[in-house]
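Residue numbers (UniProt numbering), protein chains in the order written: chain A, 1 to 234; chain B, 1 to 238.
These aren't lab readings, by the way, just hints derived from the structure by calculation. The C-beta atom is built at its ideal place from N, Cα and C for all residues, glycine as well. Take the hints with a grain of salt, since some may be wrong.
Said to hold, decoys possible - Pulled a few chain B residues facing chain A out of the computed Cβ check, cut under 8 Å: (1) His56; (2) Leu58; (3) Val85; (4) Leu87; (5) Arg88; (6) Arg89; (7) Leu101; (8) Ala129.
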Amino acid sequence: MSDLSLAFDAALTLVATGDETLSRIILLSLQVSISAVLVAALVGLPLGALLAVARFPGRHGIIITLNALMGLPPVVAGLVIYLLLSRSGPLGSLGLLFTPGAMVIAQALLIAPILAALSRQVLEGLWEEYAEQLRSFGAGTWRAVPTLLWDGRFALLTVLLAGFGRASAEVGAVMIVGGNIEGFTRVMTTAIALETSKGDLPLALALGLVLMAIVLAVNAAAQVARDAAVRRAG
Amino acid sequence: MRAPVSHLPLVATQLRYAAGGVAILHGLDLAIEAGPPLVILGPNGAGKSVLLRLLHGLIVPTGGNVTWSGEPGRPRGAMVFQRPVMLRRSVLANAAYPLKLAGQPRAARHAAAMAALDRVGLAGLATRAARRLSGGEQQRLALARAEATGPEVVFLDEPCASLDPAAARAVEAIIAGIAGRGAKVVMTTHDLAQARRLAGEIAFLHRGRLLEQAPAATFFSAPSTPEAAAFLRGELLA
Chain A
1 MSDLSLAFDA ALTLVATGDE TLSRIILLSL QVSISAVLVA ALVGLPLGAL
51 LAVARFPGRH GIIITLNALM GLPPVVAGLV IYLLLSRSGP LGSLGLLFTP
101 GAMVIAQALL IAPILAALSR QVLEGLWEEY AEQLRSFGAG TWRAVPTLLW
151 DGRFALLTVL LAGFGRASAE VGAVMIVGGN IEGFTRVMTT AIALETSKGD
201 LPLALALGLV LMAIVLAVNA AAQVARDAAV RRAG
Chain B
1 MRAPVSHLPL VATQLRYAAG GVAILHGLDL AIEAGPPLVI LGPNGAGKSV
51 LLRLLHGLIV PTGGNVTWSG EPGRPRGAMV FQRPVMLRRS VLANAAYPLK
101 LAGQPRAARH AAAMAALDRV GLAGLATRAA RRLSGGEQQR LALARAEATG
151 PEVVFLDEPC ASLDPAAARA VEAIIAGIAG RGAKVVMTTH DLAQARRLAG
201 EIAFLHRGRL LEQAPAATFF SAPSTPEAAA FLRGELLA
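One chain only, chain A, in its complex shape (with noise of 0.2 Å):
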């Protein structure tokens, strides 16, 4: 109970104090998980938008494989990156593994189809209500897309955040991919392993607190941003 306090004591003085490997750590988590999500989106969103209006042969197969691939394990997204980006696999020759890049693609990779399920779901119901008056309109299913994707962004709001705090809190595929090196690729939740293993319990209580929070202040204020334009615009 006192380690535990006394750990406790210590990472609040790790953050308050701004310490400087803290901050490395809290930095390069949050630039590898944001671009990690945006990646995923850029093919997740559409994707899922695509197969929420269209019809086509294998599209019941995608969606199953799609959901099925939501609960693939960090550490099988990290080894399959990993055997792609080592020096021997196909993509050796540009030299990612164990860089910031190979964390992005893994994570990436990780909650792309997340975001195409949870978007195609969140996106069909609109769907359902805007077919008949888009194709009054002429819009055909292509064009249907970015309409979709910009009147259901309320929604799809949700559907990043989900996605971002599975990137934010997956340990398996970036500590494979990245290697965990310290200044370089090594994250909160590497660290959290690394320094728990090892017996720092205030360095990983500390990025323990901080990973926590940022997940809370993130989502809060996406739920804040969200009810203001929602108010906005109905």
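For this one, chain A is given, so just place chain B on it according to the hints.
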């Protein structure tokens, strides 16, 4: 503001439509020429809404065909649904959306959309969220949105069905304005008084068949079928 080339007459030939094995229209012939509004009258379930959707090209007939000036061609005209869908955007963006689809540059489509909003008395609400409007305002916005592209034919499905009398009067005035600017209005209603006020011509539909197509004055003074006569007396309900 209309296209210089006319695509009328709009002709339906032996038009059939069935859904789930139930026949809704049984081989219907109808010709729509330029001129004052055509009101499609008939009791509930007569097939009025289905007929509008077929004419507009939203659904594909089970049999027969629809031609614009003799050619099958792509769907034309604009339609206002009984419950129009308001895009989750501003009033102005709603009115401008069909123009955006048509590829008009931003400044031009905003000017055209503002002009359309002005004609329905919504210019002052242009920046409001469309879904925050009242039912009557939404219907007026739907009319402005349909007219923004200057369609040659405007299809209206029960445009006043869920409106209070004041809102319905405003909508009727807008419809008269659309017809006055030279667009062909084709509308369904089950409201006889409204049909008398707006119609130049009546198509009377009963159980999926077109029983009469006549100038409004003729139809109301001397209906040629017993069903139409019964409908005008308020006796024919289905």
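Cross-check of the supplied hints:
Of the supplied interface hints, the one on His56/B holds, with its beta-carbon coming within about 7 Å of a beta-carbon of chain A, less than 8 Å. The beta carbon of Leu58/B comes within 6 Å of a beta carbon in chain A, closer than 8 Å, and the hint placing it at the interface holds. Taking 8 Å as the C-beta contact cut-off toward chain A, the hint placing Val85/B at the interface holds, the least distance being around 4 Å. Interface restraint check for Leu87/B: the shortest CB-CB distance to chain A comes to about 6 Å, inside 8 Å, so the restraint holds.
For Arg88/B, the suggested interface contact is upheld, since its CB lies about 4 Å from the closest CB of chain A, less than 8 Å. Annotation: Arg89/B was flagged as interfacial toward chain A, and the flag holds, the nearest CB pair being 7 Å apart, inside 8 Å. At its closest, the beta carbon of Leu101/B sits 5 Å from a beta carbon of chain A; the interface hint therefore holds under the 8 Å criterion. With a least beta-carbon distance of about 4 Å to chain A, the hint placing Ala129/B at the interface is held under the 8 Å criterion.
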